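Read off the chains here:
Protein chains: 2
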Amino acid sequence: MTNHHVTIGDFRTEAGAVIPQVDFVYRTWGTFRGDNAVLVEHTLTGDHNADEWWPGLIGPGLAIDTRQYYVICANVLGGCKGTTGPSSPHPDDGKAFGSRFPAISIRDQVEAEYAFLHAIGVDRLSAVMGGSMGGARALEWEVSHPEYIERAFVLAVSARASAWQIGIQTAQIQFIEQDPNWCGGDFYSRGVAPHDGMAAARRIAHLTYRGEQEIDERFGVDPQDKENPLGPYRDPKQRFQVQSYLDHQAEKLVARFDPGSYVALTEALNRHDVGRGRGGLIKALDSTKVPTMVAGVDTDILYPYHQQEHLARNLGNVIGMHKIVSPIGHDAFLAETRQLDRIFRNFFHV
Amino acid sequence: MTNHHVTIGDFRTEAGAVIPQVDFVYRTWGTFRGDNAVLVEHTLTGDHNADEWWPGLIGPGLAIDTRQYYVICANVLGGCKGTTGPSSPHPDDGKAFGSRFPAISIRDQVEAEYAFLHAIGVDRLSAVMGGSMGGARALEWEVSHPEYIERAFVLAVSARASAWQIGIQTAQIQFIEQDPNWCGGDFYSRGVAPHDGMAAARRIAHLTYRGEQEIDERFGVDPQDKENPLGPYRDPKQRFQVQSYLDHQAEKLVARFDPGSYVALTEALNRHDVGRGRGGLIKALDSTKVPTMVAGVDTDILYPYHQQEHLARNLGNVIGMHKIVSPIGHDAFLAETRQLDRIFRNFFHV
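Heads up: the protein sequence lines correspond to chains A and B, in order. At position 160 of the first sequence the residue is numbered 160 (full-length UniProt numbering), and the sequence of numbers has no breaks. At position 78 of the second sequence the residue is numbered 78 (full-length UniProt numbering), and the sequence of numbers has no breaks.
Calculated from the structure, these hints are not laboratory results. This structure is a prediction, so every number in the text was calculated from the model and none was measured. Where a beta carbon is used, it is the ideal one built from N, C-alpha and C, also for glycine. Mixed in with the good hints there might be a few duds.
[Unchecked claim] Computed footprint of chain B on chain A, listed as stretches where at least three residues anywhere in the stretch have a Cβ under 8 Å from a Cβ of chain B:
id	region
1	21–33
2	44–51
3	155–163
4	224–232
5	248–256
6	268–275
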């Protein structure tokens with residue numbers, strides 16, 4: 001796998017801050033023929049290695065067929081895998097942006113990607129596709145730049161952040177910001193990092209990503225091996241199996257993800273609202289006539305299916321609606337490969 | 001309103017710890033006639049003032065009719081409103097129990113209540129009723145002491161903690177235990193309290209108590225008055241309205257509730273399992289032949305309705321099943337007075 005880099009120069013956010021010298025990192029699959037580019041959008045803690053997080057779905061003869069399409073996946077603005085984000089070196093002094101990285105919105109991410117695609121010579125998309133935060137970008141893309149896109153796939157997301165999402169997302173941000181090692185966002189040069197805060201955030205987040213019946217069927221009230229959570233006095237070291245599982249999920253994220261990006265991207269989700277400045281949600285959704293397929297997961301508590309029904313009712317040109325049936329909850333948009341395969345093939349052949 | 005007090009002496013928990021000199025505080029409504037006692041069980045942060053948290057439901061001529069019934073509501077073991085809990089004075093030294101208060105289970109709470117009722121001369125219950133943690137006790141009551149109870153009402157709860165519940169509840173406990181002011185549970189004499197940790201716990205808990213559609217319809221993405229959460233840089237002081245609402249909920253709880261009790265009672269919910277030591281859930285539920293009415297809330301994400309269906313399928317003698325239809329989520333078991341009125345009247349007249 002080869003990472004490509006390109007710079008888009010200074011970028012001005014929706015709220016009026018300037019991010020100097022924005023770089024993008026991206027990968028591609030297939031051959032560019034001018035009219036066959038498909039932009040695949042990753043999720044909050046995902047990255048540009050789309051073939052890894054959508055395994056079996058991108059490649060020659062697969063649902064997103066790289067014999068036919070030129071597939072592009074870029075690390076998102078604000079991320080930590082090569083595209084400019086809080087942990088990137090600031091051009092002024094080579095030190096991490098930290099608190100100098102502004103608050104960005106989903107719309108900012110899309111505008112930066114618009115500049116990124118032009119920078120690499122792509123002036124039209126055959127399709128844009130994504131789920132969760134990637135779905136928010138796909139939706140924002142087709143409302144911001146309908147003329148640029150032939151079709152859109154919007155998966156497991158909503159037209160704007162719901163109050164419940166803002167509540168649970170802000171709580172996660174607070175866990176990180178209130179960790180003493182956050183240092184106001186400028187922990188990078190101090191040899192510390194708000195790992196406890198990010199672990200707490202991830203444990204909560206993971207419970208919003210997974211279906212409660214699936215988690216219960218896997219772990220129930222079983223104790224972790226060699227631990228006894230039912231002793232005479234409470235002891236945090238004596239855990240139920242589900243606690244150990246959540247601790248493990250948190251450790252994995254801490255090892256691979258920047259807390260600054262976690263805050264920046266969670267904040268971007270808080271600001272997700274395709275209706276802002278466009279006369280409201282309904283008007284904004286109706287305004288785009290990009291043929292759009294919408295899908296969601298029946299057990300998703302983070303982006304409940306009624307939110308995708310709302311999209312399908314109100315988007316200007318819906319070509320199909322699919323319900324992924326799964327005990328997994330929100331994460332089914334990554335995990336249910338067979339259902340995604342069928343739905344994606346349908347998307348490209350409608 | 002008059003609070004009554006009674007002591008039940010030393011109490012030995014299921015896990016083998018002894019709590020010395022356990023006191024109960026309780027209230028009653030109506031006149032005791034030997035066979036007309038109804039035990040009403042409060043929830044985690046509730047108390048023995050049942051007529052306040054079930055307004056319009058307990059009184060002369062109301063659904064829980066105090067002309068006919070002698071209604072008893074006691075503060076729960078581990079609570080902070082008069083019954084012995086972590087903040088109570090230890091008989092040895094008059095200082096708060098703190099870390100000397102053992103881990104208790106729902107079953108312990110019920111055993112202590114069994115002793116409490118005998119101490120006040122009640123040797124049979126016409127009914128036991130409760131929702132959420134109160135429902136867990138009502139259920140444990142009818143499985144532990146079926147001979148003692150004429151009928152039971154089990155509302156908005158499950159046969160045992162689910163793994164998801166343990167996950168989200170343990171996260172709340174961790175927020176408190178990891179607050180530096182927790183002092184290992186012995187903060188009482190130090191002039192500090194883990195208020196930040198309990199506020200964080202409550203914000204998360206509240207999002208599990210309320211329906212996401214209801215919260216969204218109230219707050220959406222509106223900014224708090226005079227604040228701008230969409231500025232160029234993230235600022236924790238610039239909030240969405242839903243954040244202000246959650247902060248307010250957290251402040252209210254911090255002002256009225258003991259963090260030690262919050263941990264002890266949340267831990268009791270983690271240990272809720274009517275099947276433990278009884279050959280499993282199905283056998284335990286089937287073993288009780290107490291006529292039982294079950295109810296739940298259609299939008300409850302904390303105790304989803306399928307958990308009440310599980311109870312109704314497996315309890316030994318179900319006399320009715322009701323679904324409360326409400327956008328409010330779990331808290332509908334407190335808030336939907338008109339539906340509760342109809343269901344409770346049905347319960348007493350089946």
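Structure-based check of each hint:
1. Check on the region 21–33 of chain A: 0 of its residues sit with their Cβ under 8 Å from a Cβ of chain B, so the three-residue criterion for coverage is violated.
2. Counting residues of the region 44–51 of chain A whose beta carbon lies closer than 8 Å to any beta carbon of chain B gives 0, which falls below the threshold of three, so the coverage claim is violated.
3. Only residues whose C-beta sits within less than 8 Å of a C-beta in chain B count toward coverage, and the region 155–163 of chain A has 4 of them, enough to reach three; the restraint holds.
4. Taking a C-beta to C-beta cut-off of 8 Å, the region 224–232 of chain A contributes 4 residues in contact with chain B, enough for the three needed, and the coverage statement holds.
5. As drawn, the region 248–256 of chain A meets chain B at 0 residues by the rule of a beta-carbon pair under 8 Å; below three, the given contact is violated.
6. Only residues whose beta carbon comes within less than 8 Å of a beta carbon in chain B count, and the region 268–275 of chain A has 3; three or more means the coverage holds.
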